[in-house]
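> In the order they appear, the protein sequences are chains Z and E.
Going by UniProt numbering, the letters in the first sequence line up with residues 1 to 142, in that order.
Going by UniProt numbering, the letters in the second sequence line up with residues 1 to 150, in that order.
Incorrect hints may have been included.
[What the hints assert, rightly or not] Which bits of chain E does chain Z cover? Going by a derived footprint, with three or more residues having C-beta under 8 Å, they are:
id, stretch
1, 28-35
2, 40-54
3, 125-137
[Claimed, not checked] With a straight-line Cα cutoff of 25 Å, these simulated DSS-like cross-link-like pairs (lysine-lysine) come out:
id, chain 1, residue 1, chain 2, residue 2
4, Z, Lys4, Z, Lys112
5, Z, Lys130, Z, Lys90
6, Z, Lys130, E, Lys90
7, Z, Lys108, Z, Lys4
8, Z, Lys90, E, Lys46
9, Z, Lys112, E, Lys24
10, E, Lys113, Z, Lys90
11, Z, Lys130, E, Lys141
12, E, Lys90, Z, Lys108
13, E, Lys66, E, Lys46
14, Z, Lys90, E, Lys141
15, E, Lys24, E, Lys66
16, E, Lys90, Z, Lys90
17, E, Lys46, Z, Lys4
[Said to hold, decoys possible] Among the chain Z residues that face chain E by a calculated CB cut under 7 Å, a handful are:
id, residue
18, Thr20
19, Gln30
20, Tyr31
21, Ser35
22, Gly36
23, Met61
24, Met64
25, Ile68
26, Asp77
27, Pro78
28, Gly79
29, Arg87
30, Glu104
31, Val109
Derived by calculation from the structure, the hints in this document are not laboratory data.
All figures in this text were calculated on a predicted structure; none of them were measured in a lab.
In this text, a Cβ means the ideal position worked out from N, Cα and C, and glycines have one as well.
Residue-level listing of the chains:
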Amino acid sequence: MTAKIAYDDVEVGTELPAQTFPVTRATLVQYAGASGDFNPIHWNERFAKEVGLPDVIAHGMFTMAEAIRVVTDWAGDPGAVVEYGVRFTKPVVVPDDDKGARIEVSGKVAAKLEDNTVRVDLTAVSGGQKVLGMARAVVRLA
Amino acid sequence: MALDQSFVGRSYPPTAPYEVGREKIREFAEAVGDTNPAYTDPEAAKALGHPDVIAPPTFLFAITYKAAAQVVQDPQLGLDFSRVVHGDQKFAYVRPVRAGDRLSVTSTIDAIKSLAGNDIMDVRGEVHDEAGEHVATTWMKLVARAAEEA
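Start from the sequences, fold in the hints, and give me the full structure.
Structure, rendered in structure tokens:
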């Protein structure tokens, strides 16, 4: 593990660079193929509406994959992530247009732990709503 | 109908090994739009101290979820999968997953709860490599929503 951020250089409250991740229907089709999750709620509008959703929604695991990029881009080495957990609170609704949806992710250091690790708390928002709850990662710094 | 509490603590047999390939990692990284070279360039990964390209943190889910199918499709358990949504997901890594790994998953039902007619089940996956070394633990909370009342 070779994180580019030093443990001694961060403190509780240190903010990670925020990022916005676009997601379109094409993104969801590509993610379905790569992940093997072909649940039709992620690509079939007719099916999604039949089961009571407002429209096609992103895979929760796609949102989870995007959110951790704020941590891995900051740390440099994705292998420095020791723990990562989220609660899926609201769906990311993806309309059938060229713009799709956006997932805005921010993070800050919430605690300094043992062995050069820190806990980062993440916030992910789409369409003005928090889409992840209790989104936390533990990452080992240099 | 509430799920049978006697399934708590039940473990399922380890899955046949899943071989992690460089190109599968690349495909996954591209699908999430992540250009970190540790996922695609073996030299970049080595510079960070990894023996080969590593997988993004959530890559493992595809493997553990497939393994959990043994649990959710267990006819004796009787979970109605058409009503299941993914509630929580957590990973704890001993080391990152990397190309060349042959990973086997042992799934265990950690908890079953019934809340307002919803069935909530926690499934843990213990992931080991071919040498039997522990690679990661994953936790998945599945919520089977109550059937709608007429």
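> For which of the previously enumerated hints does the structure constitute a violation, in increasing order of number?
3, 8, 9, 13, 18, 30 and 31
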